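**Q** Chain by chain, the residues run as shown.
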Amino acid sequence: MAANPAYDPALDAPAEKQPLATRLMYLVRKQPLGAAGAFIVLIMVLSAIFAPVLSPYDPTANDFAAMAEAPSGAHWLGTDQFGRDLLTRIVFGARTALVVGFASALVGGIIGLVLGVASAYFGGRFDLLFQRVMDVFMAFPLIIMALAVVSIFGTGVQNVIIAITIPFIPRCARVVRSSALALREIPYIDAARACGYSHTRIILRHMVPNVMAPFLIMITAFVGQAILLEASLSYLGLGVQEPTPAWGLMLQGGAEEYAESAPWIAIFPGLAITLAVFGFNLFGDAVRDVLDPKLRSQ
Amino acid sequence: MYQYVLKRLLLLFPTLLGAAVLVFFLMRLIPGDVCELRMAGTGAYFDKEALKICQDELGLNRPILVQFWEFIRGYATFNFGDSMYTGRPIVEEIVLRFQLSLQVAIMATITAILIAIPLGTISAIKQNTWIDYGVRAFSIAGIAMPSFWLGILIILGLLITTKSWFGAAWMPPIQYRPLWEDPVYNLTMLIWPAVATGYRYSAVATRMTRSAMLEVLREDYVRTARAKGLLEKIIIRRHALKNSLLPVVTVIGIEFAFLMGGLVVTEQVFNLNGLGKLFVESVTNFDYNMTQALVMLVVAVFVLTNFVVDVLYGWLDPRIHYR
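As they're listed, the protein sequences go chains A and B. Residue 1 is where the first sequence starts when you use the numbering used here, and the numbers rise one by one after that. Residue 299 is where the second sequence starts when you use the numbering used here, and the numbers rise one by one after that.
In isolation and in its complexed conformation, chain B is listed as follows (with noise of 0.2 angstroms):
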């Protein structure tokens, strides 16, 4: 076990140098730079000389390969540098949004288990009759659904429903409070993008919560219980339900992990300003250094979390071993 735990470890090292060779290679070949955004993005005269001082400041003129060492070498030593478009340091940047983007993953998440596993438990226990094919319907249509199509869905509503009923149209709150100042502010600001998010989350969940609800129940300690008198309410809930939830499981952390991807465009359309938002923004900015940063971070969290989901369900599942 320990073996297993220290060899998944050190495999982090290799996915994340390979992501860095990647995103720091991909990123300089996308034609222009930051000094080039911000003198000739407006389109006036700019000065050559001052051009050069700029990629001189930033280091853009060193042979690639030396910044390539300087960026490696500065993640193994824990310095992430600064914004090359803000100039203040990455990890501030990321701080700043890190509490929202992780408060909408929660809360994603939250919405995704709780519209998930009691649907998909009554799909699988109804299975092939209209019930399971609504379900069915309602998860597909959760994958179907692109999610920034649904948040301006809430957003129509909200502002149909608000104006119909209060006279004056209400739109969520653009500003973030933390949840701990003003949770009422923050629950009403943040409920909307997660529950965009949480529905097209939930319809992974409820797919893998019903395939694996129908295959419990085919189990002998299922027949077992029923032979033996049990209330079928207590079956599927103390045998069938818990020992179908660890695939479940799996799928919800290893939807966490993809979760940054889909806020990327849920942020832009309920405004906020989040990693997702800050991710964009560092691509189109030519922030090298922000993106970069962002890239690692989304990678040691897949590769992680990954990780956690695998122990995990060694854990949970007494009969499986990694070795």
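Pulled out of the complex, with its shape left as it was, chain A reads as follows (with noise of 0.2 angstroms):
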């Protein structure tokens, strides 16, 4: 240990009695790319609640004197076709897309967690049936999936979640389920049984606690993969709808035909779905990083 340079006795003390400057110094030394995603995560999460506050504008406010204008003082990005100020619709578009991403990362990733840990303690047929299902829902293509939900139950916000939610199911269940397997043939698992305890407490109350970690990493990165998947949606006119400010609505309607004259129109809403996916892959990595003590050393 004394050999590692970045080895610091300091940390050995209980982590409370450090100042959370010094802690949170550590953690930028030792994960630069992992603190840089947490900020933008972090200025994500404070532009979306402070939206109101931050932009003078109205993000839904048609202004036909101000169409297609370039980035200027008023403006700091620049009007959109219809005159609406783009920083104020992406501020506001953080909020759709925090929204999508925390409800269907966090909804699919339970209902994921507990799917897969129940494989996998019960195992035999059960566990036989339930992989064959999970093949299916995996072979099958998500923005199809996406697709059909929302087809079926219509556009909007809600529906955008289901839609990103269901294909998140089966891919959180796999991965929970094979650290799950190992888990039930430690003796702790056996004690419980022995006691007489229930299915559903010895799932929820012993194995789910266990699987935090690869569930943790698993979220983390949902959250990203469903901002994008929004923004996808939302693109192709099966998302979010006009007049709510999402990212990926932004792009569809002027940023083409616009292209050349007000290129502006373009850029930054996808500069915004770019940072904020970013941040959470940097931040998800990060998270693996403490989390998953075999890769820790790499």
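I should point out that these hints are in silico values taken from the structure, not numbers from a laboratory. A couple of the hints might just be wrong.
For lysine to any residue, the following SDA-like pairs were computed, each having C-alpha atoms within a straight-line distance of at most 20 angstroms [said to hold, decoys possible]: (1) B:Lys305 to A:Val133; (2) B:Lys575 to A:Gln131; (3) A:Lys30 to B:Asp430; (4) B:Lys575 to B:Tyr474; (5) A:Lys30 to B:Leu528; (6) B:Lys305 to A:Gln131; (7) B:Lys461 to A:Ile267.
What you are looking at is a predicted structure, and each value in this text was computed from that prediction instead of being measured.
Reconstruct the complex from the two isolated chains, following the hints.
**A** See below:
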């Protein structure tokens, strides 16, 4: 240990004794990319919460006197083809992205978690059948699933969330199941069974907490993917509908038509999507490095 | 080994059947059908009788289980039916577009490999330096960037550069011509969507190359190679890279199976008439037969690619045995 130059003996002390700033600095040094990701995520969350305070404009108000204006002092990132302020729409769009991202990642992740652990716990025929069902969902093209769900329920934020949640379930279930399989053989599960606890209790109280590491890794990855999927669906006209500000939607209408005369309409919303997903991915990678000891050395 | 291959191939059938059930009922849950779309889609007055005749003709009024049985029976006898929207045979419609999508997919794969393997290797060798951080940021950006936005940026870049260099804005052609008929035309058309899809694709492969390389560099045989004084270049190329490519092959294979979904959006941006576009159109047109055929095709390709990757893996790495 002493040979390791990055080793800091202060870290062996109980974590809460150190001032927050020191711990933060340590994280920044150890995981520079992860810290950058966390920073982006933080900015995004803050701007989503304080969107109305941050911007003097209404995200849905058309201003035909200022159509497709170039970035200026009044409109920092310019305006779109309806004269709406792009920065305002991007800031409000963060709300849509975060709501969809977190809701579908959490719902899909939790359902997948419970199903995956249950599948590993019960094993046998149930597991086999469950695996085949998951195979089908995995092989089913994600975008077509989303397309079908949106066509059935109609467009709108809730339905986009449903559409994105469904394909997440098997992906999470599969990963969680493989960690839970190893868990099933550990004596404390036998002990819990010998105590006569119900299946529900063993699954929820004894197994689920022990697969939290892969679960959290999946969830952070899902948020970024969900934001990207929402953008793709909205871009295809199947997601969030006008006039709700959403990044993918902003790229759909004028972006291609005005590509030459007003490139900012196409550039900034895409940049927002990229930056947001980038942030979540960096953050997710750091979470994985911290939570998964096998990968930590890399 | 043969038993394993057989078992895997047999698993194709339950998966296909499951996908068939899923797509069949999912499509029929969508309110409306192709006849209503054709007649009422314009908002004009239409005859209820005509609607019924149209539905009878396409067999949409039969009990749902009978329709499902017909669908499965048709596939079991390789009779895929006609498109409900255009009335032309499904196979004909798909073959028409398959060429284009397959070419984009292959070109995207080549782009991805050309980016991923050198970058991933350098990143691993220079671990935790700024080069490594740069490559990692570049590859995460590839995952983060929506491919349709990259497509828009490419079009935008082409417009602006051609305008400033040649005075006239140039856009990639839209009409498809096969590679062997007009290679220059074909490549100038398809290289852009291939790059837009390939960059994203490369991101996953770069990360995989990096982590596999890091793992291999820790192996005993690499230490042995270093101890006997081999040049680092040779160690990397002959000992490490060769062995670290195994998981990369897997990732490239699996991602290839997922390419189909990515193509849906890319084809939209570049206005390509490929399978992805056909897919979206078939769902919005209530063309049940076409959607079913495309889903079955994609699922079959997905399962088979996974299978080929697994077999390839065992073949490339003799330590792995399948039972």
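**Q** Check the structure against each numbered hint from earlier and tell me which ones fail, lowest number first.
**A** Hints 2 and 5 are the ones this structure does not satisfy, whereas the remaining hints hold.
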